[in-house]
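Protein chains: 4
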Amino acid sequence: MQPIGRKRWSIAEGYIPSQSSFSDRALVSHETACILNAGDQDAHVSITLFFADREPVVYRVTVSARRTLHLRFNDLKDPETVPRDTDFSSVFESDVPIIVQHTRLDSRRAEVALMSTTAYADA
Amino acid sequence: MQPIGRKRWSIAEGYIPSQSSFSDRALVSHETACILNAGDQDAHVSITLFFADREPVVYRVTVSARRTLHLRFNDLKDPETVPRDTDFSSVFESDVPIIVQHTRLDSRRAEVALMSTTAYADA
Amino acid sequence: MQPIGRKRWSIAEGYIPSQSSFSDRALVSHETACILNAGDQDAHVSITLFFADREPVVYRVTVSARRTLHLRFNDLKDPETVPRDTDFSSVFESDVPIIVQHTRLDSRRAEVALMSTTAYADA
Amino acid sequence: MQPIGRKRWSIAEGYIPSQSSFSDRALVSHETACILNAGDQDAHVSITLFFADREPVVYRVTVSARRTLHLRFNDLKDPETVPRDTDFSSVFESDVPIIVQHTRLDSRRAEVALMSTTAYADA
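So the protein sequences, as listed, match chains A, B, C and D. All the letters of the first sequence, read from the start, carry residue numbers -9 to 113 under our numbering. All the letters of the second sequence, read from the start, carry residue numbers -9 to 113 under our numbering. All the letters of the third sequence, read from the start, carry residue numbers -9 to 113 under our numbering. All the letters of the fourth sequence, read from the start, carry residue numbers -9 to 113 under our numbering.
Don't take every hint at face value.
Note that the list lumps identical chains together, so a pair holds whenever it fits in one copy or between two copies.
Subject to a maximum C-alpha distance of 20 Å in a straight line, what follows is the list of computed SDA-like cross-link-like pairs (lysine to any residue) [as the list claims (entries may be wrong)]:
1. K(-3) - A100
2. K(-3) - R44
3. K(-3) - F12
4. K(-3) - G29
5. K(-3) - L61
6. K(-3) - S36
7. K(-3) - Q9
8. K(-3) - P87
9. K(-3) - A16
10. K67 - A55
11. K(-3) - S13
12. K(-3) - D43
13. K67 - E83
14. K67 - V86
15. K67 - P(-7)
16. K(-3) - R50
17. K67 - V51
18. K67 - S11
19. K(-3) - D112
If you are wondering where the hints come from, they were derived from the structure by calculation, not from laboratory data.
Chain A extracted, bound-state conformation (with noise of 0.2 Å):
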């Protein structure tokens, strides 16, 4: 496949609620980067995370050729964890195009409640 996406991206939104209704894996809130590499070469990806009152922190991801990815911020623990009820941003700088993609999933009250949006896709 030809190759398709860009470089960097950006996710304005971040927070990670630190109450669920269940404790099933897949319906405990969570915020995830869906990050897809569509090319044959794996991506290295770095994830910058902003705060509203300190000093960003750097995460590295690796996206294998032509697979999918859908990391939850949650599960990130090096070089330390995502503070829950934070508000954040996040940066995505890799070495071949990828495509990413936001979404949480919200269960702090007994339904679940989801949004979702491709990412900024920096020029």
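Let chain A serve as the given structure and place chains B, C and D on it in line with the hints.
Structure of chains B, C and D alone, referenced to chain A:
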């Protein structure tokens, strides 16, 4: 109408819940790609589905001239059904300009949750 | 204000549920196109609705200079009302730059579901 | 980090419900613009709110270098509070590149509804 749209699109999010609180087709959990072909020639669209841990699978659909197709990933059957409760992403490649929007209706719980976004339009 | 926006937009998703759990206008199921005209000249906008199995239908609205119009597809009446429980897509063509965002409030069930996305802005 | 973002953005949707099922700040109905300034200079942002039937109103906020601001329209007070149950749109103009995403949490009913989209980024 003057041509409108792009030939290559991507939806990085993809997930069909296996559960639904309703059996009515309108309210069964579903993941949809709304495809508009506003032009005067039929659109031949290949849809490549990418997964977390196996090779991509290609589907083909036709969207008639001046028509919309709200395609449920749930309904794709050839060459195989789309697995439920499984992360995927998709890339759309058309021979004429189209517009693609992504929607999920999620009725795993007794109430309905919705999300939608214009897909990523490649340059 | 310096001109902002584009002249051609599209929302590939479109569906007005016939059912609502509420009779209050704010909470009746509705599908909306929010149209901002930030400029100093009135915007004359034609809206073409596309369907799955019949020819498109054209509507016309005016958005005054420096005003926003949150247009419910439910309220379109001329040349005909928009059928309920029916898939459609829309294309917006304006004589001056505008910005279009799509929203659905869905109250088929007792709780409210929402979705929204910036529409596709054609180059 | 290399500059990322745009200087002019718009959110065509805007509506703050006056009702909420909860008094807790996190779950009060709110309309938010998440603004990321990933650069090394403070961003001075003017936000122009447009209405259906009166002239626009301008607000000003600063987003510090390498910080995110999840700005609730509910909290804007100067020159005036944003009216509830009223349609509006917004345009963001910054002196340095920023990224803007729109979110509404709606708790008019006992359960929470969410929607989000990357704002329109002007060329």
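Now for the hints, and whether the structure bears them out:
Taking CA atoms no more than 20 Å apart as the test, K(-3) paired with A100 passes in neither setting, with 38 Å inside one copy and 40 Å between copies. For the identical chains of this complex, K(-3) and R44 are neighbours neither inside a copy (26 Å) nor across copies (23 Å), given an alpha-carbon limit of 20 Å. Neither within a single protomer nor between protomers do K(-3) and F12 lie at most 20 Å apart by alpha-carbon distance, with minima of 36 Å and 41 Å respectively. Taking the shortest alpha-carbon separations for K(-3) and G29, both the intra-copy value of 12 Å and the inter-copy value of 18 Å come in at or below 20 Å.
In this assembly of identical chains, the alpha carbons of K(-3) and L61 lie at most 20 Å apart only when taken from the same copy (17 Å versus 28 Å across copies). For the homomeric pair K(-3) and S36, the shortest alpha-carbon distance inside one copy (11 Å) is at most 20 Å, but the shortest distance between copies (24 Å) is not. Taking the closest pair of Cα atoms, K(-3) and Q9 never come within 20 Å of each other, the shortest separation being 34 Å inside a single copy and 36 Å across copies. Taking the shortest Cα distances, K(-3) and P87 sit within 20 Å of each other both inside one copy (5 Å) and across copies (17 Å).
Taking the shortest alpha-carbon separations for K(-3) and A16, neither the intra-copy value of 29 Å nor the inter-copy value of 34 Å comes in at or below 20 Å. In this assembly of identical chains, K67 and A55 lie within 20 Å of each other by CA distance neither inside one copy nor across copies; the values are 24 Å within and 25 Å between. In this homomeric assembly, K(-3) and S13 never come within 20 Å of each other (Cα to Cα): the closest approach is 35 Å inside a single copy and 42 Å across copies. For the identical chains of this complex, K(-3) and D43 are neighbours neither inside a copy (27 Å) nor across copies (22 Å), given an alpha-carbon limit of 20 Å.
In the homo-oligomer, the alpha carbons of K67 and E83 lie at most 20 Å apart inside one protomer (19 Å), although the nearest pairing across protomers, at 36 Å, exceeds that limit. In the homo-oligomer, the alpha carbons of K67 and V86 never lie at most 20 Å apart, since the shortest distance is 24 Å inside one protomer and 32 Å across protomers. Within a single copy, K67 and P(-7) get their C-alpha atoms no closer than 31 Å, and across copies no closer than 27 Å, so neither meets the 20 Å cut-off. In the homo-oligomer, the alpha carbons of K(-3) and R50 lie at most 20 Å apart inside one protomer (14 Å), although the nearest pairing across protomers, at 28 Å, exceeds that limit.
Taking the closest pair of Cα atoms, K67 and V51 come within 20 Å of each other only inside a single copy of the chain (11 Å); across copies the shortest separation is 33 Å, beyond that limit. Taking identical chains as interchangeable, the C-alpha atoms of K67 and S11 are never at most 20 Å apart, the minima being 23 Å within one chain and 35 Å between chains. With identical chains, the CA atoms of K(-3) and D112 are at most 20 Å apart both within one copy (8 Å) and between copies (12 Å).
In the structure shown, a violation is registered for the earlier hints numbered 1, 2, 3, 7, 9, 10, 11, 12, 14, 15, 18, in ascending order.
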